[in-house]
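Trainee: With chain A fixed as given, assemble chain B onto it according to the hints.
So the protein lines, in turn, are chains A and B. All residue numbers for the first sequence refer to this note's numbering, where the first residue is 1 and numbers rise by one. All residue numbers for the second sequence refer to this note's numbering, where the first residue is 1001 and numbers rise by one.
Short, incomplete list of chain A residues facing chain B, as computed with Cβ under 8 Å:
#1 GLY140
#2 LEU253
#3 GLY333
If you are wondering where the hints come from, they were derived from the structure by calculation, not from laboratory data. All C-beta atoms in this analysis are idealised placements derived from N, C-alpha and C, irrespective of residue type, glycine included.
Chain by chain, the residues:
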Amino acid sequence: MFDVAQKLLRYAKNSGADQSEIYLTKSTEHEIRTSKMKLEGVKQATTLGIALRVLCGKKLGLAYTSDSSESSLKSIAARAVELARATTEDEYIDFQDPPKEYPNISILDRSLGNISIEEKIDLVLSMEKAAFDCDKRIVGSDYVSYNDAISEVCITNSKGLMVNYTESAISIGGAFVAEEDGFKQMGWERQTERYWERLNPSRVGVKAAERAILTLKGKPVPSGVYPVVLEPLVAIKFIYGIANAVNGESVRLKKSFLCDKKDEEVASKLVTMIDDGTKENWVDSSPVDDEGSPTMAKEVLKEGVLLNFLYDIYTARKVDANTTGNARRASYGVNPAISPTNFFLLPGKYKKENMIGEISDGLLVTGSIGFRVNSITGDFSIGASGRWIRGGKLAQPVSGVTIASNLAEMLKAVDAVGDDLVPVYGGVGTPTIRLSRITIAGE
Amino acid sequence: MISANTCFKLLDVALYSGGEFAEIYYESRETNLVEMEDERIRSLSYGNSTGVGIRVIKGEEVGYAHSDSLEPETLKQAVLTSAKIGNGKRKSVAEMLQRTHLPSSPQIKKPSGKIPSKERIDLVKKADEAARDEDEKIRGVKIGYYDLTKHFIIANSDGVLVEDEVVYTSLRIQALAINGKKRHPGVSGCSGHIGWEIFDDLSPDVLGREAADMAIRMLKAKETPAGSMPVIIGKGNGVIIHEAIGHGLEADTVQKGRSVYGDKLGKVVASSVVTIADDPTHPFRGGSIRVDDEGTPAQKTLLIEGGVLRGFLFDRVTARRSGAALTGNGRRQSFRFYPIPRMTNTCLLSGSDDPEEILRETKKGLYVKRIGGGQVNTASGDYVFGVLEGWLIENGKLSCPVREASLIGNGIETLLQVDRVGNDFSFDTRGGFCGKGQLVPVGFAQPTIRVKAMTIGGTKK
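Next up, chain A with everything else stripped away, as it sits in the complex (with noise of 0.2 Å):
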């Protein structure tokens, strides 16, 4: 990879580039999906990604590709200059610098590669026969699925950055119905893991399988404001709210409800959230972002405090700040933009039964739909379904409601942060989380 990545440096300088930046990937993916403990479909590819950018003085350009012969390689080369003298000016773009080190994590399971495709069938049907086993009225599944990845990545640049580094992810889940006297419900679970040994899946399917049981049947409750618990798979919606409205950009924009308030408490002494780019086991860690700058971990809310942006080059150079190893590319034919990495509420000290011990009246929220979360007016509402709680306990199962309220808000309304912090989408991950009040629209 490194010879196509020095290749092109040399055709873009050639073809008249002050600097060039190569981010190259190959990856090796496969899917496994069953349904109703059939197999469904299995794929299997290898993917070869090369994205060059280059800068004209200070403008630039972007051309990608995925085929590595010469003919391919010059013309890119060609393509992306042709682009930058095209465009705009903008003083503050920049690659980066060789840094002196990068952090050292170990992000490969090395065995993955010579697990089988029959292996990992077998695995995925056994989530699905815990979940079937689990209780009779689990009556169907869908979206059952395996997905693992081994992806090199290699970034170069005319300044003399050079870095690779190989990483695993492997991701199961799926959806469980339950069907009684004619009401259906369905129960979501993922896990997502770097390593083999440490997937799960009966307890991914026992869990997705006992939510849909929890909800069966459910019905909407009168509006009110009341007390929630919020399971990691709801609560990471409200996760994303605040790594959106930290994000430099947007904040440097004033597209953020937080983008003044940095040193302000913001949020009750039991938040501390932390955005770290070298989490071990976590999906999202990796030496350097995808700009090649070191990533880090960085307290964005500490006790209440919010202390962090998240930045990538670009941003900081406009707010005289430092990068803080947040560039990402969606995909390698795109720019890097600024994202979280590990991103997550630090886990406390309660369990999720003592925080429903505690509640007289409010809700238990296992399932949500919808997105409807805001970071520039902090405005949130979400479709919810669970279990009522009444005198500390669990009562009649709720869905049909909407739960509403303002990110400002619930930030400072976190009266209790679980000990079960899990990684949900990637590496934003959450704890279970109870809100002292939330706005119920029901009936």
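Mentor: Okay, now just chain B, sitting in the frame of chain A:
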């Protein structure tokens, strides 16, 4: 490039260890992108990718593999991997591949891929300037330009061989108007399987002003009253039909037991004035294709006729499962994905009512000028949709704009309540992409319609 001969050989290898059907999908594409925000070109890029996707079907199992490399040995490995699921009974490949003759389609006059980069930048800058110059209260303008040129070849073990090239062009504009504490976005745009001639009528200036004007109009918007009332959905807002009804008619959703329409073929699911079709044969729109991504020639499929459910949208896998005829709806985002049932252009067909008459007849209600985005639960048919531009109707006239309205309802119940269908059938010029784990371009069209009663979500208590 991949030759018919190579395809034929690979198909043979694919079915060697068993399987009933094999398919080779070759694709070569080029894309250009320009993004402008806050008066700065944030992205200017060109990309190409070439590759092959290989599918083998055996019973209920689908094997899929894709490769960027066209090296014969690599392709053979990809084929063998895809065929791993196929064990046992083997069906042989057809005697020979026969080239499908596709219906002629209107010529692309100005292929977007050949436009010089400078012109793309000028186009985006023009739209930006037009939006900003329209009013000093316009503060944030965001513009995205995208074009795609795609050449593909499909060969399958039934003997089908298809080749086509498509061009897709899109411009999307969002303008933000701010007046003190009030702010509201306005949107505009155009897209379709067409070249730069799309900008002959819908020039960047016109589109820029349109987005700005909408944002300015909506600055005066009052809070939306919540409750049940008649709703007139203005022409061109067909995305609500696509989302609220269309997804429930895709055969994979039906076969998984996740569609409220599953057991309703031949039954009444809408009022008698409602007829809905999936129609890729309209030229130049987001969903206008000559052939789907499995090599099936595109066709108009009647979904709901005079209120009665007539059909679903199939790909090969679902059609085989149902014993139904192919409808040409097997689509995929690229060679890296296997096809699944997708919509093309979702069309609610023209009626006979005069749209102005429909408004005059409506004493009070909500007029939806521009619908926003929404979500549907296909199993129940329940949906929620945001309204980007809505107006209160008072005494048969539009009285004042209202903000952040949402439409809450159920697909079947809503269509049963349609009592007026205008004669002004129109496509949404913005078009869009439909996501279902993979993105495909689609189109939406409808005339002005009136729904007798809908639940409006509003902020005014």
